[in-house]
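Here the structure of chain U is known, so what remains is to put chain H in place on it, guided by the hints.
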Amino acid sequence: MIIDAHGHLGSWFAFAIPDSSTESLVRVMDSCGVTTMCVSHLLAIGPDARAGNALLLKEIERFPGRFLGYAVYDPHDPEAAERTADLLAMPGVIGLKLHPDTHEHPLDGPGYQRAFELAAEHDCIVLAHGMFGSPWCGPDRFATVAARHPSVELLMGHAGLFPAGFPAAAEVAVQHPNVTLELCGSRMTARHLAWLVETVGADRMAFGSDALFLDLRVGLGRVQLAPISAADRDQLLFGTMTRLLEARR
Amino acid sequence: MRVIDVNRIVGPVPTGDVPSNDAPGLLGELDRLAIDAACVVHSHDLYYNPTAAAALPADPRLIRVPVVVPGPLGSTASAKLVRMCPTEHRFPLTGPHGLAAARELSECGTSVLLTLENLGEIHRLATEVPALRIVLINTGYRSLRELADLMDVHPEVRVDTSTLCGHLHVEWIAERYGAHRVLFGTGAPVTDDAGPRFQLDHLELPAADVELIAGGNVLELLG
Chain U
1 MIIDAHGHLG SWFAFAIPDS STESLVRVMD SCGVTTMCVS HLLAIGPDAR AGNALLLKEI
61 ERFPGRFLGY AVYDPHDPEA AERTADLLAM PGVIGLKLHP DTHEHPLDGP GYQRAFELAA
121 EHDCIVLAHG MFGSPWCGPD RFATVAARHP SVELLMGHAG LFPAGFPAAA EVAVQHPNVT
181 LELCGSRMTA RHLAWLVETV GADRMAFGSD ALFLDLRVGL GRVQLAPISA ADRDQLLFGT
241 MTRLLEARR
Chain H
1 MRVIDVNRIV GPVPTGDVPS NDAPGLLGEL DRLAIDAACV VHSHDLYYNP TAAAALPADP
61 RLIRVPVVVP GPLGSTASAK LVRMCPTEHR FPLTGPHGLA AARELSECGT SVLLTLENLG
121 EIHRLATEVP ALRIVLINTG YRSLRELADL MDVHPEVRVD TSTLCGHLHV EWIAERYGAH
181 RVLFGTGAPV TDDAGPRFQL DHLELPAADV ELIAGGNVLE LLG
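So the sequence lines, in the order shown, correspond to chains U and H.
Residue numbering for the first sequence follows the UniProt record's numbering, beginning at 1 and increasing consecutively.
Residue numbering for the second sequence follows the UniProt record's numbering, beginning at 1 and increasing consecutively.
Just so you know, the hints here were simulated from the structure itself, not pulled from any lab data.
Note that beta-carbon positions come from the ideal geometry of N, C-alpha and C, so glycine has one too.
Where hints are given, some of them may not hold.
[Said to hold, decoys possible] According to the in silico footprint, chain U covers these stretches of chain H (three or more CB under 8 Å from chain U):
1) 35–46
2) 154–168
[Claimed, not checked] Partner residues aside, some chain U positions facing chain H, computed with beta carbon under 8 Å:
3) L214
4) P227
5) I228
[What the hints assert, rightly or not] A few chain U residues that don't get close to chain H, going by computed Cβ distances all over 10 Å:
6) A54
7) E59
8) H105
9) R191
10) R204
Extracted from the complex, chain U is given alone in its bound form (with noise of 0.2 Å):
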């Protein structure tokens, strides 16, 4: 069992998917053994949280068993608070999405004030992009949210991103035990991966790949191929996911 606990369903503006459909995506997870993706829809990323939300919906129900949701939360919109209450019960929707650089509005900010509240009301899972160097998403305001949110789960996407960040995701997640480091990105290399779970433990840490945004194989092989335990791959690949999973149930 494989849980992919950052992906996308949808297309994206700034580069080309030529095959951005959910069939795709599924038979590549397939392929490589990936039994549940936890997915937000890009439609909901970009410019239309609404519309996306609903198709990520659609989807989940498309493919039974085999996606889980995050329902994108958008800090401009004003009945977003509303409308995500009501996406959080539904079937499938295990948490919020939420994207401090798209949204330019810094994860730490008002507009997201709510998001957390409903997320710790509901005992769901937050999922942001963590980006270090960003004026919205550094592992800075992480560090802040989670100790004013301490029973929210939150995931930071990317684990900082940029390897100069790194160490400074490591920190937030050594200080402050709700928040797991999430592994994908164009600039995460193996040997990066095995220094954070050094650093930080394995049980910190989980596995994803940004699918189909990214290419899901390179994702899964850098946790699959990197030079640490078994054990450690196993955590990544499904313990850590699992153990957030079961305690919301």
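Only chain H this time, still in chain U's reference frame:
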């Protein structure tokens, strides 16, 4: 299937302590990932003095890739595969010296590794020296439209898989342009080697195409 990494660095790098600090360390990494051989640029040639080839112990699994810098302050090399780094080594790729070096390489049947940085410059180079065999490396996952612009009109332009990590991008390139124009590479240790290696084993392509990508194409370039 022979697996040969077309894009690898040996030697210490300024951004971290890496196993491939020396040749034995690199060979250990290749063994761990079931990579049979690698085309290697020495880190001193990349990040210290590109005009003085650093010493590297001879090993049949490590295929030396010299760095070429055009012009009177540069260096040439006699090899089947070289690397040019116009951004790092600060020279104009399609200036008079750059084009002269490219023509010389082409006439010698030498192929060149080039980072995809300036689309216009590479387009001009491939137009001015159409027989030069170019392998674009470190292209990134956002570059598929740019790659299509080049590969549609320049048949001698190829691409490596080091950071060609968008969803099914390798398959799209191989199906549109032919697997003979895709080469397995990693860019390690600067970029990841484990991901591209795993991807190679899980491509949605016929076995013959995968063999070309894994090593057949680079062996053809190396003669």
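Hints and how they fare:
Figure legend: the region 35–46 of chain H, annotated as covered by chain U; annotation inconsistent (0 residues with Cβ-Cβ distances under 8 Å, at least 3 required). For the region 154–168 of chain H, the proposed coverage by chain U is satisfied: 5 residues have a C-beta within less than 8 Å of a C-beta in that chain, meeting the threshold of three. Checking L214 of chain U against chain H by beta carbon gives a least distance of about 5 Å; that is within 8 Å, so the hint holds. For the restraint placing P227 of chain U at the interface with chain H, the shortest Cβ-Cβ distance is roughly 7 Å, inside the 8 Å limit, so the hint holds.
A hinted interface residue such as I228 of chain U counts as satisfied when its beta carbon comes closer than 8 Å to some beta carbon of chain H; here the least separation is about 11 Å, so the hint is violated. With 10 Å as the threshold on Cβ separation, the claim that A54 of chain U sits away from chain H holds: the shortest Cβ distance comes to roughly 22 Å. In this structure E59 of chain U is separated from chain H by more than 10 Å, as the shortest Cβ-Cβ distance comes to about 15 Å. Non-interface call for H105 of chain U relative to chain H: holds, since the shortest CB-CB distance, roughly 24 Å, exceeds 10 Å.
Not every Cβ of chain H is farther than 10 Å from the Cβ of R191 of chain U; the closest lies at roughly 7 Å, contradicting the non-interface assignment. At roughly 21 Å, the least C-beta separation between R204 of chain U and chain H is larger than 10 Å, which holds for a residue marked as non-interface.
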